[in-house]
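The chain contents come next:
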Amino acid sequence: MSKSPINTKLNKEKNLAMVIVGDRCIGCDACYVACKTDWEVPALKEAYRTKVYEVEGVDNHGNPTIGFLPTLCNHCDNAPCVSVCPTGASFKREEDGIVLVDPDMCIGCKACMVACPYDARYYDEEKQSVDKCTFCLPRISNGLDPACVTTCVGESRNFGDLNDPESIVSQLIRNATSIARLKEDEGTLPNVYYVTVSDY
Amino acid sequence: MRRQTLNRRGFLKLAGVSSVTLGAASTGLPSPLRASARAKKNREERFTTYDRGVKTENFCEMCFWNCGVDVYTRDGKVHKLEGNKLNPNNRGHLCAKGNAGIQSTYDPDRIPGPMIRVGERGEGKFKQVTWEEAFEEVHKRLAPVLDEHGGESLATFMHGTGEQYAHILTLALESPNITVPAYSQCMGSREMAFALTFGTGMSGHEPFDMANTKHMIVFGRNMAGAIQLREAADFAEGLARGARLTYVDPRQSESAARATDWLQIKPGTDGALALGLIHVIIRDRLYDVDFIAKYAHGFNELQTHVKQFTPEWAEAKCGIDARTIERIAWEFAKDAPNVVAIPPRRMTRYGNDTQTVRAIAILNALMGNWGVPGGIWVRTPVPLELPEHDEPEVPDVRRADGVGEGEAYPLAPPSLGRTNGIFEATLTQKPYPIKAWLLYGTNPLSHSSIGVNGIFKAIDHLDLIIAIDTQFSDTVMYADIVLPESTYLERDDAPYIQKDKIPFIALRKAAIEPIHDTKGAYEICKGIAEKFEVEDWFEERSPREQLEALERVLSKEQLETLKRDGVLRFEEVDPYPVASGSRPAFLTGTGKVQLFVDDLVELHREHGEAFSPLPVYIDPPEPEEGEFRLLFGRTPHHSHARSQNNRILLELQSDTPVWIHPDDAGKLGIKPGDRVTIHSKTTGHTSQPEMVKITRRIRAGSVFINHGFGHRTPLWHLGNKKGTKDNYFISDGIDPISGAAAFHNGFVTITKATS
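Quick note, the sequences are listed as chains A and B, same order. For the first sequence, the numbering used here gives the first residue as 1, with consecutive numbering after it. For the second sequence, the numbering used here gives the first residue as 201, with consecutive numbering after it.
To be clear, the hints were calculated from the coordinates, so they are not data collected in a lab. Since we're looking at a predicted model, the values are computed, not measured. Glycine included, every Cβ here is placed at the ideal spot set by N, Cα and C. Treat each hint with caution, since some may be false.
Partner residues are not named here, just some residues of chain A that face chain B (Cβ under 7 Å, in silico) [to be verified]:
#: 1; residue: Cys28
#: 2; residue: Thr37
#: 3; residue: Ile66
#: 4; residue: Pro138
#: 5; residue: Val153
#: 6; residue: Ala176
#: 7; residue: Ala180
#: 8; residue: Leu182
One chain only, chain A, in its complex shape (with noise of 0.2 Å):
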């Protein structure tokens, strides 16, 4: 039996994901202003829970080339920031795979800042705390989808259960002709996946 694309280690009554559609990304930058104001994010340009990356390169003939990587907080199911946490502020849902932290346990020592290897935290001088994405829980507690999949452009982003085979991310999985996460060899178990998906 070949290996699942998807994680499977956790038993989680929910396997939250996004799943992106790489080439669908226009590098416009909606969810990073979505993300920002829904959350109150500071007002600095180091503090983001979600940013693009304008990604340059070359080809085999020499000609420049350009793509976008969006990147976010991957909650991890073997997720750095948590071990690494001393007060147990970082701490990850076992329902749904969720990680967060807690403002009112959080030290302060950024410990979690280094450990992470997605740059996906920044400190809160107001809270006094690190803080990150959270996958939109208050949203998608009330049956909205996250601030930057609901904003989407190029409709780049997809959120959703893969344990729930119908799931627009399920289908995504499926269909995709090419899976990828970001720093796999890391051991994190990310759960934000790229795809791309030839048959629409």
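Given chain A's structure and the hints, the job is docking chain B onto it.
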């Protein structure tokens, strides 16, 4: 408040307890654990509560294309903007600018109330007055100007939802000199070319069916950078469905990311490429014979005419090799009619722009893609008998901008006017004195045919500048009277009615009370009108009255839908009539698609080649040795020169790095990390030092900077002095047919800055 350590320890203990254990023991927990369970419940509540707030319906005004917005307020403060799912302009999404609309409303640098200038023009010293005092001041200072020089000495520049009121006011004050910069500073030449060919312009809501196309040839239209949301979304959709993208641009913009072919064309030569493609398509009989036979006028003339434009000729002009031109033509035609050739949007570039877009329009016609999926869809007006209002007659006086019969630009539309013509008339005071400007949401210092220096000289001739704006832009600094408009989140507006693929009506209802002493455009223009005793023209024109008039023609069901959804769609339309077998109507002189334009024959005879009724290519001016062509364009994060004090958008883009090709940088000894200055011999201006971006993404011989920066408004605390303003370096060119501007013949030298 931070919680006490004891509780945190409780959490720590709990973290080791599995939920099963917790469930089983829930009746007999020892007290510390029970407290922890409570804490966990509280925490659960904190992490899962979301107060969406109160929703009001609106449409966006961060740019001019009016996406539907659901505005969510909590305790009287706007918390979040989301796209209206039913609005065809955005289908539930918002771009970065649209999402950041809140920051523009809560910008600490907003205009606090009506202002009268007390310092020198540009100094930024104003005193706040009451609205009554402001209207009185307008009358006191404008009446003598109009008495002495006539109504026509007032010129109005307007852009935004409140345009209709500035329009009525200007006519009522007996001036014909009303201009909308969207024509001569932006889409003018594109609109002219499509109107001459197909009988209609493409408008700001372009009908290019990118979502369903199989192949799009995109000529310098940066869909993913200069974002009009639906077009960006359709572009992404089409590419995701496997459309080929031939992207033609001297710069590899955001839109080139997924190009099948990126043709790094020599700037200003797109017309030669399009004519080369037409040559191959006709030579190899790849055009839609049936469509051309039924609907086209002048095919035989075109066929003979384009024999000269061989791929080799095109290669010599545009730098794209002849074999590639042939291949693209074949590939494009193979997928016809579900293909589309897309012209630039701001086609105010090289002075040959109308002819260039004529060739692009004809490329579409030859594919027979009109009214066909994946080609060009046909828009339908809202099928309602809407009440019409009387308007003051356009005064019987010659316009100052060269538009009109017997004038230099007889084909340009008087409804939009030539903004560049008004600048010129103000500068020269010919054909008659222009002595007052009324600016509604426009900012000539940041974007104008005559550049910054020209605007300064023009302003010296003005006895009065009145600015209606939401913010202290560079130009507002030079206004004598500032009348602050409420932002779109703070004001009601007339219903928004869009002729479209799916025509629709959208509503704007104020989500919050105005934060400052501001008013809507209706109240402002009517307030001025009252002083001149011409307020009768404003009867039944208020946003509320216009909404009530609309409500009277809607059915009960339609009205309920509109009120519930904030948008009412009329879906019983066919955007693809040709595919459905109907005969399309073309509103041209001949009633056909005009490959040959009869209306240009006389102008051609009188004024020569530039007016050719068949599409021609005219070489743009070339830089001298050592000079570069300055290209400028948008980033996805900003709207024109309006959004650079928006803190969240500034996080995304706050500078204007100078893009230069490595070969050019090498010759000048410029290395990565260096700063350079831009200098124009023509305008005499030198920029502040800017970071250099050395990249093959810009063609050698040209440099590129982002548009919209370089503000010098002391009352903007975030956006001031960020980056360089392209308006210091642009060219004051004119396309002879449309009369629209040509900005990209500005030549500059680049010098390494000594730090």
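Item to complete: Return the numbers of the hints above that this structure violates; sort them in rising order.
Response: 6, 7 and 8
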